[in-house]
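If you want the building blocks of each chain, they are given just below.
Number of protein chains: 2
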Amino acid sequence: MKAIVALGMTMFLTAETIGQERQDISPEAAATARTLMETALESDLAYDIVESLTTEIGPRLAGSEAEERARAWGAALGQELGFDRVEVEGFTMPFWDRDSLSITMTAPYEMELHGTALGGSGSGSVQSEIVYFRTVDDLVAAEDGSLEGRIAFIDGDIMVRSQVGAGYGPANQRRRIGWQHAERAGASALVVRSVGSDSHRFPHTGMMSDLDGSWADIPVIAVSNPDADHLRRLHNNGEAISLTVNSVAGWHGEVTSGNVVLDIVGRENPEEIVLIGGHLDSWDLGTGAVDDGAGVAITVAAAKLIADLPQRPRRTIRVVMFGAEEVGLLGARAYAEQHADEVANHVLATESDFGARTIWRLSSNVSEAGTPVIDEVGRVIAPLGIIRGGSNEPGGGPDIIPLAMLGVPTVRLEQNGEDYFDLHHTPDDTLDKIDPDELAQNVAAYAALVYLAAETDADFRETPDGTASQ
Amino acid sequence: MKAIVALGMTMFLTAETIGQERQDISPEAAATARTLMETALESDLAYDIVESLTTEIGPRLAGSEAEERARAWGAALGQELGFDRVEVEGFTMPFWDRDSLSITMTAPYEMELHGTALGGSGSGSVQSEIVYFRTVDDLVAAEDGSLEGRIAFIDGDIMVRSQVGAGYGPANQRRRIGWQHAERAGASALVVRSVGSDSHRFPHTGMMSDLDGSWADIPVIAVSNPDADHLRRLHNNGEAISLTVNSVAGWHGEVTSGNVVLDIVGRENPEEIVLIGGHLDSWDLGTGAVDDGAGVAITVAAAKLIADLPQRPRRTIRVVMFGAEEVGLLGARAYAEQHADEVANHVLATESDFGARTIWRLSSNVSEAGTPVIDEVGRVIAPLGIIRGGSNEPGGGPDIIPLAMLGVPTVRLEQNGEDYFDLHHTPDDTLDKIDPDELAQNVAAYAALVYLAAETDADFRETPDGTASQ
Ligand SMILES: [Zn+2]
Ligand SMILES: [Zn+2]
Ligand SMILES: [Zn+2]
Ligand SMILES: [Zn+2]
Numbered sequence: 001m002k003a004i005v006a007l008g009m010t011m012f013l014t015a016e017t018i019g020q021e022r023q024d025i026s027p028e029a030a031a032t033a034r035t036l037m038e039t040a041l042e043s044d045l046a047y048d049i050v051e052s053l054t055t056e057i058g059p060r061l062a063g064s065e066a067e068e069r070a071r072a073w074g075a076a077l078g079q080e081l082g083f084d085r086v087e088v089e090g091f092t093m094p095f096w097d098r099d100s101l102s103i104t105m106t107a108p109y110e111m112e113l114h115g116t117a118l119g120g121s122g123s124g125s126v127q128s129e130i131v132y133f134r135t136v137d138d139l140v141a142a143e144d145g146s147l148e149g150r151i152a153f154i155d156g157d158i159m160v161r162s163q164v165g166a167g168y169g170p171a172n173q174r175r176r177i178g179w180q181h182a183e184r185a186g187a188s189a190l191v192v193r194s195v196g197s198d199s200h201r202f203p204h205t206g207m208m209s210d211l212d213g214s215w216a217d218i219p220v221i222a223v224s225n226p227d228a229d230h231l232r233r234l235h236n237n238g239e240a241i242s243l244t245v246n247s248v249a250g251w252h253g254e255v256t257s258g259n260v261v262l263d264i265v266g267r268e269n270p271e272e273i274v275l276i277g278g279h280l281d282s283w284d285l286g287t288g289a290v291d292d293g294a295g296v297a298i299t300v301a302a303a304k305l306i307a308d309l310p311q312r313p314r315r316t317i318r319v320v321m322f323g324a325e326e327v328g329l330l331g332a333r334a335y336a337e338q339h340a341d342e343v344a345n346h347v348l349a350t351e352s353d354f355g356a357r358t359i360w361r362l363s364s365n366v367s368e369a370g371t372p373v374i375d376e377v378g379r380v381i382a383p384l385g386i387i388r389g390g391s392n393e394p395g396g397g398p399d400i401i402p403l404a405m406l407g408v409p410t411v412r413l414e415q416n417g418e419d420y421f422d423l424h425h426t427p428d429d430t431l432d433k434i435d436p437d438e439l440a441q442n443v444a445a446y447a448a449l450v451y452l453a454a455e456t457d458a459d460f461r462e463t464p465d466g467t468a469s470q
Numbered sequence: 001m002k003a004i005v006a007l008g009m010t011m012f013l014t015a016e017t018i019g020q021e022r023q024d025i026s027p028e029a030a031a032t033a034r035t036l037m038e039t040a041l042e043s044d045l046a047y048d049i050v051e052s053l054t055t056e057i058g059p060r061l062a063g064s065e066a067e068e069r070a071r072a073w074g075a076a077l078g079q080e081l082g083f084d085r086v087e088v089e090g091f092t093m094p095f096w097d098r099d100s101l102s103i104t105m106t107a108p109y110e111m112e113l114h115g116t117a118l119g120g121s122g123s124g125s126v127q128s129e130i131v132y133f134r135t136v137d138d139l140v141a142a143e144d145g146s147l148e149g150r151i152a153f154i155d156g157d158i159m160v161r162s163q164v165g166a167g168y169g170p171a172n173q174r175r176r177i178g179w180q181h182a183e184r185a186g187a188s189a190l191v192v193r194s195v196g197s198d199s200h201r202f203p204h205t206g207m208m209s210d211l212d213g214s215w216a217d218i219p220v221i222a223v224s225n226p227d228a229d230h231l232r233r234l235h236n237n238g239e240a241i242s243l244t245v246n247s248v249a250g251w252h253g254e255v256t257s258g259n260v261v262l263d264i265v266g267r268e269n270p271e272e273i274v275l276i277g278g279h280l281d282s283w284d285l286g287t288g289a290v291d292d293g294a295g296v297a298i299t300v301a302a303a304k305l306i307a308d309l310p311q312r313p314r315r316t317i318r319v320v321m322f323g324a325e326e327v328g329l330l331g332a333r334a335y336a337e338q339h340a341d342e343v344a345n346h347v348l349a350t351e352s353d354f355g356a357r358t359i360w361r362l363s364s365n366v367s368e369a370g371t372p373v374i375d376e377v378g379r380v381i382a383p384l385g386i387i388r389g390g391s392n393e394p395g396g397g398p399d400i401i402p403l404a405m406l407g408v409p410t411v412r413l414e415q416n417g418e419d420y421f422d423l424h425h426t427p428d429d430t431l432d433k434i435d436p437d438e439l440a441q442n443v444a445a446y447a448a449l450v451y452l453a454a455e456t457d458a459d460f461r462e463t464p465d466g467t468a469s470q
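If you read the sequences in order, they're chains S and L. In terms of the UniProt record's numbering, the first sequence is residues 1 to 470. In terms of the UniProt record's numbering, the second sequence is residues 1 to 470.
Just so you know, not all the hints are guaranteed correct.
Taking CB as the label site, the calculated pair distances span [said to hold, decoys possible]:
| # | chain 1 | residue 1 | chain 2 | residue 2 | range |
| --- | --- | --- | --- | --- | --- |
| 1 | S | 435 | L | 311 | 57 to 65 angstroms |
| 2 | L | 80 | S | 143 | 39 to 47 angstroms |
| 3 | S | 87 | L | 246 | 37 to 45 angstroms |
| 4 | L | 82 | S | 107 | 25 to 33 angstroms |
For the record, the hints were derived by calculation from the structure and aren't laboratory data. C-beta atoms are modelled at their ideal positions from N, C-alpha and C, and glycine is treated no differently.
With the hints as extra help, turn the sequences into a complete structure.
If you want it as structure tokens, here you go:
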């Protein structure tokens with residue numbers, strides 16, 4: 001990162017003279033963006049924020065008392081940093097929580113396995129030989145009632161590692177729908193290989209998919225990749241494998257969660273909103289540093305740097321710390337509902353929720369009129385080691401989905417996610433995994449993008465006839 | 001490793017012509033050693049052995065039923081591979097075992113920590129604010145009775161990473177003697193930062209030191225590096241930290257352990273022994289792949305390749321799978337006692353117990369007369385990427401210590417231990433951490449060294465007057 005920083009400083013000067021030829025973004029605005037980047041690269045603010053969140057609050061399961069403490073922390077942070085408006089916007093949600101779990105191999109010999117209940121898992125004490133399924137598809141093909149009283153085990157494969165996280169969707173099927181077929185076939189418990197790209201003995205938790213609003217009655221347990229490898233080798237040796245699973249987990253009625261909304265109010269078009277953010281909840285196993293303390297920290301820090309400028313940008317910058325992302329984008333849905341009357345005023349939205357590694361690509365899905373502005377942003381942030389990607393790529397982070405579905409334009413600063421799924425939803429998602437310099441590069445890119453999007457008068461939204469709206 | 005293999009093949013040819021000029025090792029012997037190396041680099045035998053041990057036996061705590069299964073496995077392996085003599089040599093030992101543990105931070109908020117009892121820990125349920133000690137020396141300086149009923153926490157620092165494992169000794173003081181000072185000061189429990197170079201949420205177990213034959217009455221728990229970091233940050237923030245520790249662990253009387261001894265009997269001097277080996281026991285948290293399934297596999301495979309030659313070497317090659325290493329070199333001490341009358345016949349001894357990474361250096365501590373032979377071995381194995389180190393360096397692995405103290409000459413094939421203490425004594429010490437190519441390089445080096453040491457008629461031992469004996 002030191003190299004990038006040094007390179008950046010040199011290239012900013014060169015880029016500045018080029019920038020003066022562009023439209024939609026004034027030379028002054030581009031120069032301000034470059035100054036923001038320089039400031040961001042030297043700033044510890046984002047690291048301090050994620051250190052504070054993970055240390056002072058710790059794990060913050062959606063709907064828990066810890067998540068409530070996190071909201072208070074977020075609101076206090078917003079006040080302290082001088083945001084113009086600070087709101088905690090509550091919503092209710094069903095609360096799932098885990099208690100104790102033990103999962104032990106009892107045959108061919110006794111060995112404790114490293115497992116965790118998946119989100120939505122039921123409770124139960126089961127002792128049985130396992131029925132081995134090489135893939136989730138094999139379990140999908142199991143006949144109704146064929147697993148009566150048994151423990152099903154879906155092996156699958158270690159998640160494929162990729163910069164863009166492309167391995168997640170395919171691997172995630174066993175976590176998402178495995179339980180539905182295990183229950184249909186009569187199994188008393190389901191054990192699955194974790195959805196993760198690491199080879200450490202950490203299980204990866206995460207939410208299952210509901211089935212028409214209902215959830216698993218049986219325990220559904222993810223075991224670490226090395227544990228799954230171990231079971232596979234024993235199975236391939238022809239050994240009969242028995243497990244004992246004792247899981248206590250389940251639903252506990254409705255509780256309150258909430259989003260924390262921090263605004264830097266625009267000087268000319270305060271009703272127009274550039275929305276950024278991350279999610280405040282984390283899984284309970286780690287302290288949620290890369291998922292998603294980093295996203296909260298990056299976006300708050302970027303907005304704060306902009307707030308420190310001599311004047312507010314034209315448009316409002318809104319940082320949302322979404323609640324209850326992990327359990328089904330509940331905060332994001334609540335936000336879209338609670339802000340239904342101003343959704344059309346959201347000119348651009350993006351979330352940071354893919355770890356804390358360096359951003360390497362800028363992609364977007366905005367109006368034809370707005371695309372050259374994002375192109376220009378791309379030129380401004382290029383010295384940070386970021387290339388311009390597709391200009392017609394939907395997406396902006398999970399919590400942006402409800403807004404995007406309502407037509408809000410999105411942009412994405414894509415982080416290198418090569419090791420994100422090593423840590424994702426494990427106990428190992430802790431502060432030490434964050435490189436302060438990489439985090440600062442993120443803040444620099446966000447600060448430039450968000451400032452320019454808020455300062456330009458170009459419109460990223462489409463009108464019904466496909467041209468830029470006003 | 002593919003590069004090293006290819007390089008090796010070319011360089012063997014070159015080295016061969018040089019080798020013909022050397023003394024003590026005949027050109028034929030050197031040629032045979034090079035053939036053994038080529039065979040070893042292409043062989044999967046060592047990997048198959050460590051896969052079998054870790055998969056079919058699993059964790060194998062010293063003195064446990066699992067360690068007994070491992071001895072049966074070792075003896076059956078020796079028979080199957082055609083060793084000339086296979087013995088299981090029993091001894092008795094006191095048995096320490098852990099049962100359940102929970103360690104939870106209860107203030108400033110609730111969070112489960114990742115901990116494990118240290119070997120020799122007592123049982124107890126304690127709830128208390130912690131007294132923070134920056135280093136073990138600070139606890140050593142605590143006054144008698146000053147910690148009455150409290151939980152002491154030794155922070156210390158993450159173990160320094162090094163190729164030769166030099167960080168282990170200094171870091172290990174808190175694990176070794178911390179409890180003695182915690183008890184002296186009246187603490188009800190001791191928590192220490194794990195002795196490990198990783199930043200994963202795995203605690204590292206390991207034996208404490210006894211105090212004149214007595215062991216801890218209180219629970220002594222190691223927490224992972226990220227957990228210790230977390231406590232340090234909270235402490236530095238001025239927070240009062242409370243923990244709840246519930247540990248069940250302790251001593252359970254005398255049990256039987258044993259060493260497995262496999263001999264390739266020498267054709268000319270069967271009474272002279274070149275001893276190699278590893279330890280069969282492992283800590284209970286992982287499956288003991290790098291500590292020390294690898295060492296067992298490397299040395300058994302090397303001996304087996306030599307046994308496959310048309311004729312036995314001059315001297316006997318003995319592979320010892322030592323029992324109960326982790327709890328105080330008990331197998332090694334038993335071996336030295338039980339073989340007291342033939343200790344003087346051990347012409348050279350070395351153990352592989354430092355992981356499964358590439359060997360990079362050959363060091364030795366043998367007679368003046370024997371040193372040129374080891375030098376020549378160094379030239380033969382140099383194409384494997386191994387340099388010749390000191391020729392007066394004591395050591396040959398932990399289980400060799402009792403023999404070395406009785407005057408048995410030692411040699412060491414030093415592995416790259418840079419990440420050994422990432423895995424050491426953690427649940428994460430599993431088969432997937434072993435690279436088959438790196439393991440094969442170890443076998444190649446051992447096969448060449450052991451063959452040449454068993455085939456030469458040079459003596460590595462010193463006579464009382466300091467010249468070579470015999
Ligand atoms: Zn997330
Ligand atoms: Zn997540
Ligand atoms: Zn060892
Ligand atoms: Zn060890």
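Going through the hints against the structure:
Range check, residue 435 (chain S) to residue 311 (chain L): about 58 angstroms between beta-carbon atoms, so the 57 to 65 angstroms window is met. At about 42 angstroms, the beta-carbon gap between residue 80 (chain L) and residue 143 (chain S) stays in the expected band of 39 to 47 angstroms. The given range of 37 to 45 angstroms is respected by residue 87 (chain S) and residue 246 (chain L), whose C-beta atoms sit roughly 42 angstroms from each other. The given range of 25 to 33 angstroms is respected by residue 82 (chain L) and residue 107 (chain S), whose C-beta atoms sit roughly 31 angstroms from each other.
Checked against the numbered hints above, the structure breaks none of them.
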